[in-house]
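Colleague: Let's have the full structure, built from the sequences with the hints guiding it.
Number of protein chains: 2
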Amino acid sequence: MSLSITPYELIYWPGIPGRGEHVRLALEATGTLYTDVAKSDPGVAVSTIQSLVADDAGDNTSSSPAGVPGNPPGLAPPFLRHGDRVLISQTPNILLYLAQRLGLAGAGSAPGDGDLGMYHVNQLVLTALDGLSDEAHDAHHPIASGLYYEDQRAEAKRRAENYRGERLPKFLGYFERVIKGNEERGGKGGWLYGGGLTAADLVVFQGVDGIKYAFPKAMGKLEASGNYDRVFALHKAVAGLPKVKAYLESERRAPYGMGIYRKYPELDDE
Amino acid sequence: MSLSITPYELIYWPGIPGRGEHVRLALEATGTLYTDVAKSDPGVAVSTIQSLVADDAGDNTSSSPAGVPGNPPGLAPPFLRHGDRVLISQTPNILLYLAQRLGLAGAGSAPGDGDLGMYHVNQLVLTALDGLSDEAHDAHHPIASGLYYEDQRAEAKRRAENYRGERLPKFLGYFERVIKGNEERGGKGGWLYGGGLTAADLVVFQGVDGIKYAFPKAMGKLEASGNYDRVFALHKAVAGLPKVKAYLESERRAPYGMGIYRKYPELDDE
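Protein chains in written order, with the working numbering: chain A, 1 to 270; chain B, 1 to 270.
What the hints contain is simulated information worked out from the structure, not anything from laboratory work. Take every hint as true, because none was put in to throw you off.
Because identical chains share one entry, a pair is satisfied inside a single copy or across any pair of copies.
20 Å max Cα-Cα, derived EDC-like pairs, lysine to aspartate or glutamate:
(1) LYS170 x ASP55
(2) LYS180 x ASP55
(3) LYS212 x ASP134
(4) LYS170 x ASP134
(5) LYS157 x ASP138
(6) LYS236 x GLU176
(7) LYS221 x ASP269
(8) LYS221 x ASP268
(9) LYS217 x ASP269
Modeller: Have a look at this one:
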């Protein structure tokens with residue numbers, strides 16, 4: 001490790017992929033140096049997050065041992081710390097920061113576009129997080145994230161049915177269109193934007209991956225329909241990138257469990 | 001109007017403030033030249049949006065008369081068109097674009113911070129949209145945005161109770177902390193970030209404003225508690241900015257109705 005490199009520090013809950021996984025994938029796919037306290041010391045990860053998000057944590061993150069003065073506090077993890085001055089939160093915001101620095105923002109793919117690629121990729125990242133992460137979560141927690149699933153099972157059954165039948169196909173169809181159109185816009189076939197891998201591809205990969213785990217029957221039918229071949233091919237292509245493949249096969253990749261993507265058979269197709 | 005100025009074009013549904021209102025407020029608060037097809041020609045607004053988001057709209061927005069080649073399609077309005085080359089969607093993404101160009105990104109407020117203000121303001125914008133817009137909407141539509149309220153009234157009652165009692169105070173408390181801390185971080189008292197108005201203040205303003213309309217009793221109690229004085233003062237301060245005040249008093253400001261913020265008394269406190 002060169003002294004001139006400031007490693008990125010991911011601060012997220014231990015034990016689940018969760019929202020932190022999007023940050024991990026951006027770092028892993030680019031072979032970037034980072035620390036991951038959830039893996040290196042789960043107990044410290046929990047206490048660090050608690051100090052950063054506590055209601056009575058004070059007025060500034062500097063009151064937390066993990067805080068960095070000058071940065072507004074965050075409401076929830078993931079957090080990304082980068083050196084002595086940067087501590088930011090909100091998954092799409094962290095991805096915006098990393099994409100700009102790790103070559104995942106589609107820059108250079110459309111000559112003369114200036115910073116337009118940053119906004120295009122950000123738009124796709126936000127939409128993928130909405131439809132393939134947040135709504136997948138709300139399918140099992142439609143009433144309150146603070147209540148147990150068992151206390152909102154009836155409502156979850158209704159919401160999951162709508163998600164499988166309406167929302168999920170809508171989002172998959174959208175990304176199918178985006179991939180198809182990218183080539184016509186002068187980009188590289190198979191990817192969402194521009195000439196290669198961006199943060200948006202990684203978020204769609206993780207969303208499809210998690211939803212395949214949570215709703216195997218519904219996703220099996222959607223895949224078999226042939227209507228979303230490009231999206232499923234993108235999932236496979238990202239999984240096959242050498243650095244991503246090595247990560248997915250490592251112990252660093254947490255198994256799905258009680259996070260965003262949960263396997264409740266009663267919420268899946270019959 | 002100088003020929004050298006390229007006006008911003010907001011494309012959003014007519015008749016409701018909705019997500020488009022965040023874009024309008026950024027443009028209005030800065031006295032920026034823009035067109036607003038929802039106001040100038042509601043019929044054209046609807047047909048334009050339909051052509052931009054249609055499932056069979058083709059692979060590229062260029063197949064829509066409103067499209068701009070080179071931009072990936074969007075899933076939903078608001079859209080922002082800027083000149084011959086830029087067409088972007090996703091509310092926080094449009095605000096990121098505008099904040100950078102209209103001086104609403106907190107730039108210059110912390111000397112030596114480079115582009116850090118952009119990420120800080122984006123973080124606050126995203127959190128305000130999550131808690132004061134999306135979750136306020138889901139309080140009356142917890143099962144499916146495509147179903148009528150009447151078909152999810154029982155579930156809405158449960159979700160709204162959780163929103164009023166848990167989520168809303170959590171978000172208000174967070175922004176109270178952010179405002180309080182900004183002064184300690186060297187910023188200007190009363191604002192969320194840096195030396196003055198940013199896009200984040202405008203989103204919090206609109207969220208508080210809409211929630212006051214939708215949940216007048218719950219918000220009355222929260223305001224009377226004295227725990228969120230800075231947040232309510234920020235709402236008042238933004239409303240009192242001369243350009244914002246003039247806008248709010250104009251016909252351009254759409255009344256609340258059947259959009260994000262809805263007044264269903266059975267979802268409010270007793």
